[in-house]
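> Protein sequences, first through last, are from chains A and B. Converting from the first sequence to our numbering requires adding 15 to each position, the first position being numbered 1. Converting from the second sequence to our numbering requires adding 15 to each position, the first position being numbered 1.
It cannot be assumed that every hint is accurate.
Copies of the same chain are indistinguishable here, so a pair counts whether it falls within one copy or spans any two.
In silico lysine-lysine, DSBU-like type, Cα no more than 35 Å apart, as pairs [claimed, not checked]:
no., residue 1, residue 2
1, 20, 51
2, 294, 190
3, 113, 190
4, 55, 294
5, 145, 113
It is worth saying that the hints were derived from the structure and are not from the lab.
Here is how the chains run, residue by residue.
Number of protein chains: 2
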Amino acid sequence: MTMSKLLELLVAHSGQYVSGEMISRELNVSRTAIWKQIHKLEDQGYEIEASRRLGYKLISVPDKYSLDDLNEQLQTAAFGRSIHLFEQVDSTQNVAQKLAEEGAPEGTLVIAEQQLSGRGRMGRAWMSPKGKGVWMSLIMRPTIPVHFAPQLTLLTAVALCRSLARLTSLPIGIKWPNDLLIDGKKISGILLESTAEDARLRYVIAGVGISVNLASSDYPEEMQERVTSLRIASGERLSREAVIAAFMLEWEQLYTLYQAEGFAPVVTLWEALSVSLNKPARLTTPQGIIDGTPVALDESGAIAVRLEDGNVVLVFSAEMGEPVT
Amino acid sequence: MTMSKLLELLVAHSGQYVSGEMISRELNVSRTAIWKQIHKLEDQGYEIEASRRLGYKLISVPDKYSLDDLNEQLQTAAFGRSIHLFEQVDSTQNVAQKLAEEGAPEGTLVIAEQQLSGRGRMGRAWMSPKGKGVWMSLIMRPTIPVHFAPQLTLLTAVALCRSLARLTSLPIGIKWPNDLLIDGKKISGILLESTAEDARLRYVIAGVGISVNLASSDYPEEMQERVTSLRIASGERLSREAVIAAFMLEWEQLYTLYQAEGFAPVVTLWEALSVSLNKPARLTTPQGIIDGTPVALDESGAIAVRLEDGNVVLVFSAEMGEPVT
Numbered sequence: 016m017t018m019s020k021l022l023e024l025l026v027a028h029s030g031q032y033v034s035g036e037m038i039s040r041e042l043n044v045s046r047t048a049i050w051k052q053i054h055k056l057e058d059q060g061y062e063i064e065a066s067r068r069l070g071y072k073l074i075s076v077p078d079k080y081s082l083d084d085l086n087e088q089l090q091t092a093a094f095g096r097s098i099h100l101f102e103q104v105d106s107t108q109n110v111a112q113k114l115a116e117e118g119a120p121e122g123t124l125v126i127a128e129q130q131l132s133g134r135g136r137m138g139r140a141w142m143s144p145k146g147k148g149v150w151m152s153l154i155m156r157p158t159i160p161v162h163f164a165p166q167l168t169l170l171t172a173v174a175l176c177r178s179l180a181r182l183t184s185l186p187i188g189i190k191w192p193n194d195l196l197i198d199g200k201k202i203s204g205i206l207l208e209s210t211a212e213d214a215r216l217r218y219v220i221a222g223v224g225i226s227v228n229l230a231s232s233d234y235p236e237e238m239q240e241r242v243t244s245l246r247i248a249s250g251e252r253l254s255r256e257a258v259i260a261a262f263m264l265e266w267e268q269l270y271t272l273y274q275a276e277g278f279a280p281v282v283t284l285w286e287a288l289s290v291s292l293n294k295p296a297r298l299t300t301p302q303g304i305i306d307g308t309p310v311a312l313d314e315s316g317a318i319a320v321r322l323e324d325g326n327v328v329l330v331f332s333a334e335m336g337e338p339v340t
Numbered sequence: 016m017t018m019s020k021l022l023e024l025l026v027a028h029s030g031q032y033v034s035g036e037m038i039s040r041e042l043n044v045s046r047t048a049i050w051k052q053i054h055k056l057e058d059q060g061y062e063i064e065a066s067r068r069l070g071y072k073l074i075s076v077p078d079k080y081s082l083d084d085l086n087e088q089l090q091t092a093a094f095g096r097s098i099h100l101f102e103q104v105d106s107t108q109n110v111a112q113k114l115a116e117e118g119a120p121e122g123t124l125v126i127a128e129q130q131l132s133g134r135g136r137m138g139r140a141w142m143s144p145k146g147k148g149v150w151m152s153l154i155m156r157p158t159i160p161v162h163f164a165p166q167l168t169l170l171t172a173v174a175l176c177r178s179l180a181r182l183t184s185l186p187i188g189i190k191w192p193n194d195l196l197i198d199g200k201k202i203s204g205i206l207l208e209s210t211a212e213d214a215r216l217r218y219v220i221a222g223v224g225i226s227v228n229l230a231s232s233d234y235p236e237e238m239q240e241r242v243t244s245l246r247i248a249s250g251e252r253l254s255r256e257a258v259i260a261a262f263m264l265e266w267e268q269l270y271t272l273y274q275a276e277g278f279a280p281v282v283t284l285w286e287a288l289s290v291s292l293n294k295p296a297r298l299t300t301p302q303g304i305i306d307g308t309p310v311a312l313d314e315s316g317a318i319a320v321r322l323e324d325g326n327v328v329l330v331f332s333a334e335m336g337e338p339v340t
């Protein structure tokens with residue numbers, strides 16, 4: 016049995032169940048063979064509902080980026096104006112880093128339908144199934160000292176939060192430093208990797224993963240309580256081109272403002288969107304555990320945490336978790 | 016003619032001139048062939064004095080690292096305790112970076128007899144002739160926020176300056192941020208490359224080049240006014256193993272102090288060794304040119320510069336040059 020024959024049959028009955036019996040008869044194959052081919056189609060990004068009684072129903076075909084569509088929607092001067100689109104990469108971060116070393120200009124964007132080993136913070140893996148989300152890396156070449164690089168992480172979170180909230184009207188908040196949450200569940204990941212020579216920042220690779228059209232079933236069960244997608248939260252599929260175009264515009268505008276006026280406007284916006292302030296938390300830092308209440312974002316990008324004894328300390332890098340009661 | 020025969024002849028007459036005529040007769044080769052082989056020996060690190068009238072005299076054979084000697088001299092706990100020695104590399108920075116990505120521990124040291132494309136600051140080349148200097152990179156994994164990475168550049172300069180001054184009794188000073196000078200001429204280069212993930216420093220590769228036993232003739236003529244070596248300045252050859260061992264000890268001690276007590280002790284030491292303070296200068300920064308007088312080292316590693324109007328500004332990254340009068 017060729018997979019395309021099975022697919023033809025499902026497409027011909029789009030929106031309806033096709034019984035295993037019928038497929039078996041039409042294509043002259045065993046039920047087990049059908050089941051195997053269905054799994055292969057799912058791996059390719061087809062969504063298929065399976066019912067023991069009713070058979071199989073094609074829900075959606077894999078989404079594919081259209082560069083024409085994306086270019087038409089882009090309203091930026093530099094961000095996303097040079098796009099490198101891949102069907103499959105190990106990690107868009109690695110590709111962008113290579114391009115940056117070769118001299119690619121600021122705003123160069125790397126997107127992939129699928130990442131085989133997408134990277135998250137702290138060396139964790141980032142799940143990037145085919146066609147279901149925005150898996151991207153942008154090259155930035157800001158003329159700021161390396162001290163200020165962490166400010167770009169917060170700037171990126173603000174831009175992404177504002178663009179997604181505008182596009183979906185969903186209540187999206189920022190958990191320090193840069194997780195976006197809907198009802199406490201994560202919808203995106205941001206990872207800025209910077210390379211510096213003494214105090215001079217050479218370039219920054221901003222990696223962003225946005226869970227756009229993933230279904231609950233795309234996540235392993237043990238993750239479902241902690242993660243969501245724009246589709247799950249809104250009940251609607253979104254155009255990934257529209258998501259990227261909205262994000263690039265917001266990001267470039269905020270970046271331009273930042274270069275002209277400094278970090279202060281970003282702090283104001285970040286604090287307004289934050290869901291981390293004024294709630295007790297436990298922060299796990301490389302230097303140890305800190306229990307306290309985050310009260311403000313510092314100039315440097317660190318978070319100011321008020322301890323039980325009333326003292327306020329700056330925390331530069333940590334995992335923020337629930338307070339221990 | 017094999018090169019080894021020529022070398023045997025020169026070694027047999029060490030410290031004396033061997034005439035071209037004699038070589039020509041003994042080895043039965045032309046004067047032009049001799050001259051070519053002499054050049055090849057020089058490329059390999061042999062120092063040979065040539066006199067049109069007297070012939071050739073072997074001055075020195077190439078210095079080779081002895082790991083046994085180096086290990087015996089090392090007095091550190093971690094710095095230099097794992098050594099990767101290469102005859103020839105493109106750049107010790109690249110090798111160390113690869114090792115760091117593979118998980119090599121803090122203190123891992125990469126040294127090479129020769130670098131083919133040693134890197135300096137601002138993408139410049141660094142000359143690293145075979146056996147004549149210390150061309151090295153050390154992996155550091157400090158648990159400090161990325162904001163503080165530039166402090167390590169200054170710490171490294173202080174440690175190198177103190178160890179070389181102790182070893183040679185030469186008057187060595189630090190030009191901000193990290194050039195070591197003897198009588199205004201550069202004897203070493205320091206380049207710290209750091210890799211960060213958001214505000215978390217992943218690792219730092221500290222590249223250090225020390226001009227130990229280079230002769231004036233090893234430098235292109237146009238460089239001779241700006242550079243020197245410990246040998247040129249002191250009139251003596253130094254053991255590179257002794258240089259490395261002294262540097263590693265001073266560096267590890269200062270790094271340990273820094274991790275315990277912060278940057279303040281480093282600032283004190285740096286200011287005491289500095290030749291940049293309280294003298295007018297022109298600083299060329301990525302943001303533009305600043306004319307003023309450096310007055311102090313800031314907590315962040317930046318230099319505080321007093322402008323003509325009396326205001327003081329912080330400069331994070333710049334080339335420091337002569338004032339324009």
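> If a hint holds in the structure, say so; if it doesn't, say that too.
Comparing the hints with the structure gives:
1. In this assembly of identical chains, the alpha carbons of residue 20 and residue 51 lie at most 35 Å apart only when taken from the same copy (14 Å versus 74 Å across copies).
2. Taking the closest pair of Cα atoms, residue 294 and residue 190 come within 35 Å of each other only inside a single copy of the chain (11 Å); across copies the shortest separation is 47 Å, beyond that limit.
3. In this assembly of identical chains, residue 113 and residue 190 lie within 35 Å of each other by CA distance both inside one copy and across copies; the values are 30 Å within and 33 Å between.
4. When the C-alpha separation of residue 55 and residue 294 is checked against a cutoff of 35 Å, the pair qualifies neither within a copy, at 46 Å, nor between copies, at 72 Å.
5. With identical chains, the CA atoms of residue 145 and residue 113 are at most 35 Å apart both within one copy (23 Å) and between copies (30 Å).
The structure does not agree with numbered hint 4 stated previously, though it agrees with all others.
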